[in-house]
Amino acid sequence: DTEVTQTPKHLVMGMTNKKSLKCEQHMGHRAMYWYKQKAKKPPELMFVYSYEKLSINESVPSRFSPECPNSSLLNLHLHALQPEDSALYLCASSQDLNYNSPLHFGNGTRLTVT
Amino acid sequence: RKEVEQDPGPFNVPEGATVAFNCTYSNSASQSFFWYRQDCRKEPKLLMSVYSSGNEDGRFTAQLNRASQYISLLIRDSKLSDSATYLCVVKGVGSSASKIIFGSGTRLSIRP
Chain Y
1 DTEVTQTPKH
11 LVMGMTNKKS
21 LKCEQHMGHR
31 AMYWYKQKAK
41 KPPELMFVYS
51 YEKLSINESV
61 PSRFSPECPN
71 SSLLNLHLHA
81 LQPEDSALYL
91 CASSQDLNYN
101 SPLHFGNGTR
111 LTVT
Chain X
1 RKEVEQDPGP
11 FNVPEGATVA
21 FNCTYSNSAS
31 QSFFWYRQDC
41 RKEPKLLMSV
51 YSSGNEDGRF
61 TAQLNRASQY
71 ISLLIRDSKL
81 SDSATYLCVV
91 KGVGSSASKI
101 IFGSGTRLSI
111 RP
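So the protein lines, in turn, are chains Y and X.
If you're matching positions, the first sequence starts at 1 in the working numbering and goes up one per residue.
If you're matching positions, the second sequence starts at 1 in the working numbering and goes up one per residue.
Isolated chain X, as found in the complex:
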């Protein structure tokens, strides 16, 4: 089993739709969680950190479920510009940076 798993997609949804992705992690001791977006041939950009209580930033909502060991990203009222690959990132215990683990990414395509 991979340490961090994401549905690779692609998700192809119409503009204005709501779409959600999950990311599961295997290490229950994982400490922090992030969502990044990556456009084609560009660098990953931090979208949002994921807090235990869940957090929202505009149309984006991130949630953490420690009991089931997954994080989720919800995008409401999707825009064409939301088309990208979404990477979940899990950081482990302590200060070891090698415990930064990327999921393989979920491709999202928004159609007009």
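Next comes chain Y alone, as it looks inside the complex:
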């Protein structure tokens, strides 16, 4: 069982919709991440939060807006997405940004944009 929980598991949305992906961890980790993964490709980093502050934005379009309300929660707000944004969105956490902290992934939200 994963200790990082993501909801919803599946999401279908139109290009004019606004939706949010949610992620929660109770491992006391202070770094949280959003990744995007397309089929047969490795995960691509989108955002990193460290101690609830945005640490890294990998030049992600503004139609994706992250939010970290507290140390356990991470949201990804979606607005005006494109069909090419359809992918598996993975949340991950690690103890901190130290180099020897492995990532622990949630089970992902499979997003389809119509």
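The hints are simulated quantities; they were obtained by calculation from the structure and are not laboratory data.
Bear in mind the structure is a predicted one, so any value in this text is a computation, not a measurement.
By construction, the Cβ of each residue, glycine as well, lies at the ideal position given by its N, Cα and C atoms.
Be a bit skeptical, because a hint or two may be false.
[Claimed, not checked] When the alpha-carbon atoms are kept at most 20 Å apart in a straight line, the in silico DMTMM-like pairs for lysine to aspartate or glutamate are as follows:
#1 Lys41/Y / Glu3/X
#2 Lys18/Y / Asp96/Y
#3 Lys45/X / Glu44/Y
#4 Lys9/Y / Asp39/X
#5 Lys40/Y / Asp7/X
#6 Lys36/Y / Asp39/X
#7 Lys41/Y / Asp77/X
#8 Lys42/X / Asp96/Y
#9 Lys42/X / Asp85/Y
#10 Lys42/X / Asp82/X
#11 Lys40/Y / Glu5/X
#12 Lys45/X / Asp85/Y
#13 Lys38/Y / Glu52/Y
#14 Lys40/Y / Glu3/X
#15 Lys45/X / Glu3/Y
#16 Lys40/Y / Asp82/X
#17 Lys38/Y / Asp7/X
#18 Lys36/Y / Glu3/X
#19 Lys42/X / Glu67/Y
#20 Lys38/Y / Asp39/X
[As the list claims (entries may be wrong)] What follows is a set of in silico ranges between Cβ atoms, one per label pair, in the way DEER data are often shown:
#21 Lys45/X / Gly28/Y: 17 to 25 Å
#22 Asn100/Y / Arg59/X: 19 to 27 Å
#23 Asn12/X / Lys9/Y: 40 to 48 Å
#24 Arg59/X / Met15/Y: 28 to 36 Å
#25 Lys2/X / Asp96/Y: 22 to 30 Å
#26 Arg59/X / His10/Y: 28 to 36 Å
#27 Ala17/X / His79/Y: 44 to 52 Å
Keeping the supplied structure of chain Y fixed, place chain X upon it in accordance with the hints.
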């Protein structure tokens, strides 16, 4: 040259066989290394960290060769349940999480 390279496979081996994958990295300053497995349409799961002295966890052995800049994963007595994509992950210098680099993955298929 990619920063982290893996043979994409697929490796198709019979149950009970021993199989090994390598993963090469280009940044000699890379600090830590991990193997993840990912089943179809699932999230990546940490299989094992890779330590300088090499480490073993049951049927799995991971090794690091800093001189040649590669890590390896050896699976002995392979099981049907080992069928998955294996991703190597390399973390760079300092605390920059953007230095987490995934290999493209090696697909392994174990046949009965």
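Next on the checklist: Run through the hints listed earlier and report the numbers of any the structure violates, in increasing order.
Outcome noted: Checked against the structure, the hints that fail are numbers 2, 7, 8, 12, 13, 19, 23 and 24, while the rest are satisfied.
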